[in-house]
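Protein chains in written order, with this note's numbering: chain V, 1 to 327; chain U, 328 to 654; chain R, 655 to 958; chain B, 959 to 1480.
These aren't lab readings, by the way, just hints derived from the structure by calculation. Beta carbons: idealized from backbone N, C-alpha and C, even for Gly. One should not assume that every hint holds.
To be verified - Distance condition first, Cα-Cα at most 20 Å in a straight line; then the derived SDA-like pairs of lysine to any residue:
| id | chain 1 | residue 1 | chain 2 | residue 2 |
| --- | --- | --- | --- | --- |
| 1 | R | Lys712 | V | Asn44 |
| 2 | V | Lys273 | U | Arg455 |
| 3 | R | Lys753 | V | Ser158 |
| 4 | B | Lys1296 | U | Leu597 |
| 5 | R | Lys898 | U | Gly483 |
| 6 | B | Lys1072 | U | Val513 |
| 7 | R | Lys913 | R | Glu669 |
To be verified - On the chain V side, residues computed to face chain U include the following (Cβ under 7 Å):
| id | residue |
| --- | --- |
| 8 | Arg128 |
| 9 | Val129 |
| 10 | Ile133 |
| 11 | Ala137 |
| 12 | Leu140 |
| 13 | Gly144 |
| 14 | Ile148 |
| 15 | Ser260 |
| 16 | Val263 |
| 17 | Val298 |
| 18 | Phe301 |
| 19 | Tyr304 |
| 20 | Arg307 |
| 21 | Gly308 |
| 22 | Leu311 |
| 23 | Val315 |
Stated by the list, open to error - Here are the in silico distance ranges between beta carbons for each label pair:
| id | chain 1 | residue 1 | chain 2 | residue 2 | range |
| --- | --- | --- | --- | --- | --- |
| 24 | B | Gly1016 | V | Ala36 | 40 to 50 Å |
| 25 | U | Gly434 | B | Glu1147 | 47 to 57 Å |
| 26 | B | Gly1016 | U | Val512 | 45 to 55 Å |
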Amino acid sequence: MNVAQMNSAATPAANPRQRQWLVDYSMPLGYVVLFAVLSATVENFFSLTNVVGLMLSVAQIGMVACTMMLCLASRDFDLSVGSTIAFAGVLGAMVLEHTGSVLLAVGAGLAAGAIIGAANGVLIAYLRVNALIATLATMLMVRGLAFIVSKGQAVGISNDAFIDFGDSRIFGLPLPVLVCAACFVVFGVLLNQTIFGRNTLAIGGNPEAARLAGVQVERLRVWIFLIQGVVTAMAGLILASRITSGQPNAAQGFELDVISACVLGGVSLLGGKARIFGVLIGVLIMGTVENVMNLLDVDAFYQYLMRGVILLAAVLLDQLKTRGERR
Amino acid sequence: MNVAQMNSAATPAANPRQRQWLVDYSMPLGYVVLFAVLSATVENFFSLTNVVGLMLSVAQIGMVACTMMLCLASRDFDLSVGSTIAFAGVLGAMVLEHTGSVLLAVGAGLAAGAIIGAANGVLIAYLRVNALIATLATMLMVRGLAFIVSKGQAVGISNDAFIDFGDSRIFGLPLPVLVCAACFVVFGVLLNQTIFGRNTLAIGGNPEAARLAGVQVERLRVWIFLIQGVVTAMAGLILASRITSGQPNAAQGFELDVISACVLGGVSLLGGKARIFGVLIGVLIMGTVENVMNLLDVDAFYQYLMRGVILLAAVLLDQLKTRGERR
Amino acid sequence: ADAVKIGFLVKQAEEPWFQDEWRYAEQAAKDKGFVLVKIGVPNGEKMIAAIDNLAAQKAQGFVICAPDVKLGTAVERAARRNNMKVISVDDRLVDGSGKLIASIPHMGISGYAIGKQVGEGIAAEIKARKWNMAEVGAIRVAYDQLPTARERTMGAIDALKAAGFAAANVIDAPQAKTDTESAFNAANIALTKNFRFKYWVAVGLNDEAVLGAVRAAEGRGIKADSMIGVGIGGAKAAENELNKPAATGFFGSVMISAKEHGYQTSVNLFNWITGKAVPPAEVQTRGMLMTRANQAEVRKQMGQ
Amino acid sequence: MNAYLQFDQVSKVFPGVKALNGVSFAAHAGQVHGLLGENGAGKSTLLKILGGQYKPDGGRLLVNGQECRFGSAKDAIAAGVAIIHQELQYVPELTVAENVLLGRMPTRFGLLDKPRAYQIVAEKLAAIGVDLAPDARLADLSIAQRQMVEICKAIMQDAQVIAFDEPTSSLSHRETEILFRLVKELRAEGRTLIYISHRLEELYELCDACTIFRDGRKIVTHDVMAEVPRERLISDMVGRELSDIYDYRARPLGKERLQVQGLSGQHISQPQSFSVRAGEVLGFFGLVGAGRSELMRLLYNADARKSGSVLLDGAVVPASSPAAAINAGIVLCPEDRKEQGILATASVAENINISVRRLDLLGGLFLRHQREAALAEQFIARLRIKTPNRQQEIRLLSGGNQQKVILARWLAEPGLKVLILDEPTRGIDVGAKNDIYRIIHEVAEQGCCVIVISSELPEVLGISDRVIVMREGQICGELPRAQASETAVLALALPDTAAASSITAEPTETIESSALPIRSIA
Ligand SMILES: Nc1ncnc2c1ncn2[C@@H]1O[C@H](COP(=O)(O)OP(=O)(O)OP(=O)(O)O)[C@@H](O)[C@H]1O
Ligand SMILES: Nc1ncnc2c1ncn2[C@@H]1O[C@H](COP(=O)(O)OP(=O)(O)OP(=O)(O)O)[C@@H](O)[C@H]1O
Ligand SMILES: O[C@@H]1[C@@H](O)[C@@H](O)CO[C@H]1O
Ligand SMILES: [Mg+2]
Ligand SMILES: [Mg+2]
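Bound conformation, chain V alone (with noise of 0.2 Å):
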């Protein structure tokens, strides 16, 4: 029926039990490869603190990959991340410096990503305007908030209990790195072992043929942007924890990455594809050529060219072995 097809003509040998292994696992195996290459080469690379320091570098990345993951999956797009995480920092800041109060501060700053994401849920799912320009106007209205209420200013933070939260280590990882983790193990249970998940896939797969086979369509996207909102809030108060204040300008192009990162993890932006462990290696693989071109002091204007290069080579490695498979 299409290319895929015709290719796989051209190798009938392959055996499809190992043909599906090595789509399963190339991706782990492809990155185990890169970072035994890495360490080997790369002064520096392997020790604990730049492995710890890398996984920190990508813990709000991998957080909010992981909602991504859904909405993407789901056929949908979300581009309000980024203000998302500011503007969540930014709020958590001003409460917690005016009430004193980590719980107010948390609870405030996940409310309004709650709040956030079932807006856009209702915009895109109820009022069926296009995923791209809700989240596109719900970006700009929600740093436009973010500046409002700080004034365009950073917000300080001095509650030393907050700003711990970003900086203490449990068995030597620090805590938004295990909060990453979390975020990893139950999105990929909700993804893979629940109905929720399946439901997921279902509806980005073919949203009508989801509705007539009675999953709630529309219930369901406004509960994925909404997971989504909450998910990115706490990322949002982590980074302002460890950045010890709430920064109105924070996360901008974090969108990208995030998207990036699942695409690169083999989600499909046609929706109905996405595997959790794809999207581990893809947030991995953006942070850790991040971590080594800052370790060889590559040139920041050729840091643009090998961040570009890099991202084809890894897509283009993955071409080769769905060769034969459905774009």
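Assemble the complex: chain V is given as a structure, and chains U, R and B with the ligands must be docked to it using the hints.
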């Protein structure tokens, strides 16, 4: 019994011709109303200088929106246009300063655009890299190149002939605006009156059907990207002429503006749908909103909010009229 | 002992200013024999990651121009956690409650002070041209979402006001992005709304912003003789403009010394790490107004 | 007569499936060559090779004695081969004319000559007797109309070889007649025609010769179709004997279970009512666009209602969403498998379990993988779904097998009270049809109401206890099994003018004896 008859049988009230007319012209009409209201209420809005200024402010977006429309119509996506604008401007300025020849400078800029576009096309059509990732990668690489060749510095232009281009007027209209208008005419004809345009819509609407009908899908896609590259480079050169220098960090975020204008104008991200008139209106709405907010002295922070609100309002209005259409 | 390795983190690596700072820091590294690692840190998240990255590379300290001054506590903590020495450059860091962070030595400029120099330079030129202040409009190309940008432009406007400029004659032109085209569009509208003025002056956060305003004015026939634009930075964009055969509305730029900032901070940090000298708690550098008339001299004085 | 088209030892392998295994046969100019075989036997694959869409893994293809190696569909078109694919391949946003002339639009001075294009297409449509506006968008047409556009597209290529892959599966009576006339005309013009169908009557009517496939192999080629007895065809195809494929057994009907009262919506402007008794199989017949699907979609809450209510066992079924209908025990197996049925990139097992799994979750949220697997295996066996394994993506199955998977999704519902099947046997082979009819009757025997929409009149008559006929968005009559003859049903279904001329023999009466009053149209 044809469709028209069947529909009218089912919904006796709605005259299908009227309905079609409404669908086709509601956007332009809406804009005319908006324009009239603004002219009456916003001081200085309805003046030759302001209207010309408005058009000038969207000239670059307009040019690129014409080709982006084709790109989206064929179910593709291009994030690299902002970088291409910067690179073409920088390259043109450098060639101009070295050789003093406007012809060579323009040639170099356009050639660069063509190469970037063709590279995108080949990556996407033949190597089957996801369009988002492919153009994100070229976006990064081309931006990097712009920085590298210019060493991060603006490249000054002192050639008067070149500078005059951005400045001079015919019948009171600046040349960039006229070039943009020409693009709308050319691409309008291309979309609606040529095989190229029909095939573009066909591969966006159903690539498989197009292929089975003998359309050379891959080649067509490369052409679309190539043309987009050339037009974008032209926009970059015009920008360089207007600001009398090639700036490597010009036009960041430009891609989202262009894509938004297209989507606002009714171009579907799922391919197969495009109307040049809609795109024109989309571009004008974007420019008008910006213009009016500045005329009204809206605070910069509230501008974000307003831009978001207006984007939403525009699509929601557009949504109302398509109510009842099959999704 | 291991060779000394220091980081140099800047908020906007693409900006010519920081490229220059890095270049001079490299020179210091060569002169003093230490290893320099340059990392761009566009936001708080990347900044923390970069500091951790430096630690992994076993750097002993870093010079930083943070993406936001309120990141002070984060910088301080990250440095302490990794046992690194830190000096701030350009922008002075503060903590959560806005207090200067005493433990981090600083060398830099005050955005507000630089802005004032812009305003003073313009005021002096208005006097020299014998314009009637009432007939002059001032465009503030604003990008208030960036705190330094606001400080600079406000400094300029305050200086103008101090010289007798009417507050009502100041027109804000908010740019959507920090590039020349956005400044052009914003200024264009400001000009449309205020055709009553005979003369114009323009200020902005950098040379590119002012350039946009100058181009917009030219489009309406407001040329060099009725326009005074003064930028900030003095790098290539300004140089291009000041070296054009005919004068334009771009009157000059307040140049700041990337050499001093880049070279001296790195040397100070090196000395601190090697135990040779503790850096001074604060050094304020000054900018100089560079115009067509005094270009060469200013460049020489600023050492570039 | 020479063999214009020859397949020689053609093979094609997909991961896990040997779709074609050394197939050889020849088709002659001026003949219609029928292809028969169970779902998944490899018929469509053969046509895709002929159309240049796939390259064979082995064997040769000869057109007019010349060996052909098509690199793409373009090459096949150039060689004079036109294919009407089983899965319709149209561009929804383009008009009829643009679709028909896709890739071959006439131009003038480099620009499209739209008036001419529209004229050409309008003429062709008129010539073949299809009443369609050339400027209508495909997205606005019914499937049958889209199918006619596809046929027109292929005909207009003026190809020597024209292959039809189940063209009638989504056509109703009238279009089918048009198609048959067309096929006969093309044969008379001396073209080589390949015709795939699961409807034996059709094959007997049209085909001169036929080839039977099973499991990717050619079983036999009959040079004279008319001489082959029906039983022989069936047993060659399915490898077993089938006597009465409808398998109708009279069974006692219970009391009225489903009552539909005054339903109307966007495409059903007048309120419609009917009811179904427990254990009853109710057939719905009508011409294309008669509104059967629309009425069922209203019943199922798939479309918004303007008026009316649905009662099941006396209780009102909430009108909120299909989910509400499903929870009440009403399910609908939709007519458009590709758009409304399959989750293309999901597995066979996933497609079967998507709805039922809600009833068997751990803690209301977690899946039970083993039970889902078992259920999937059970239906793969019961409906003889041909797939390498249950994890295969459904889009890789043959059309008929996809249809079986979607049926399985609904048959798997345990609390089934009303089963609505919209064209359930579209694209399904005789053997499987028989399986499905048997299941329909089993379900009915358990007291379930079964509503079957079908455009195949013999099927409706063969399995239904009662037939309701619709015309132009309204129920225009109903007939109990005993009175539901072909002529009687057609007389109700055809527009008045046509009806007047076609009813000659039996006087048809609209019977009002059943449970609900029937609305006859004014
Ligand atoms: N792209 C593919 N990948 C894997 N298997 C495929 C692919 N296409 C077809 N098949 C398999 O090849 C076999 C033959 O399929 P084909 O579509 O030719 O059957 P068919 O005879 O047309 O059946 P039907 O009557 O149901 O249309 C089936 O088992 C199908 O599952
Ligand atoms: N969303 C829609 N937009 C416009 N017209 C529609 C839409 N849905 C259905 N129609 C039209 O409404 C009429 C009723 O169609 P419906 O599918 O119910 O008929 P049917 O009796 O099931 O016939 P068949 O399915 O065999 O075509 C058709 O003419 C169809 O084209
Ligand atoms: O951000 C500015 C930078 O642009 C340069 O001018 C030096 O000072 C910094 O504060
Ligand atoms: Mg088939
Ligand atoms: Mg139907």
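Please verify that hint: valine 263/V, Cβ, nearest Cβ of chain U, below 7 Å or not.
5 Å, holds
Given hint valine 513/U paired with lysine 1072/B - CA-CA distance at most 20 Å:
18 Å, holds
For the range 47 to 57 Å, tell me whether the beta carbons of glycine 434/U and glutamate 1147/B fit it or not.
Holds, since glycine 434/U and glutamate 1147/B (Cβ atoms, about 56 Å apart) stay within the stated range.
Is the interface hint satisfied for valine 298/V? The criterion is a beta-carbon contact with chain U at less than 7 Å.
Nearest chain U Cβ about 11 Å off; hint violated.
Range agreement (Cβ of alanine 36/V with Cβ of glycine 1016/B, hint 40 to 50 Å)
42 Å Cβ-Cβ, so the 40 to 50 Å window holds.
Closest C-beta approach of arginine 128/V to chain U relative to 7 Å, hint status:
6 Å, holds
Mind checking the CB of glycine 308/V against every CB in chain U and telling me if the closest is under 7 Å?
Hint on glycine 308/V: holds, closest Cβ of chain U at ~3 Å, below 7 Å.
Please verify that hint: tyrosine 304/V, Cβ, nearest Cβ of chain U, below 7 Å or not.
3 Å, holds
Is the interface hint satisfied for serine 260/V? The criterion is a beta-carbon contact with chain U at less than 7 Å.
Serine 260/V check passes; min Cβ-Cβ to chain U is 6 Å, inside 7 Å.
Taking 20 Å as the top limit, are the C-alpha atoms of lysine 1296/B and leucine 597/U close enough?
17 Å, holds
Hold the hint about arginine 307/V up to the distance rule: shortest CB distance to chain U must be less than 7 Å.
Holds, because the Cβ-Cβ distance from arginine 307/V to chain U comes to roughly 5 Å (cut-off 7 Å).
When the nearest CB of chain U is found for leucine 140/V, is that gap smaller than 7 Å?
4 Å, holds
In terms of the numbered hints stated before, the structure departs from hint 17 and from no other.
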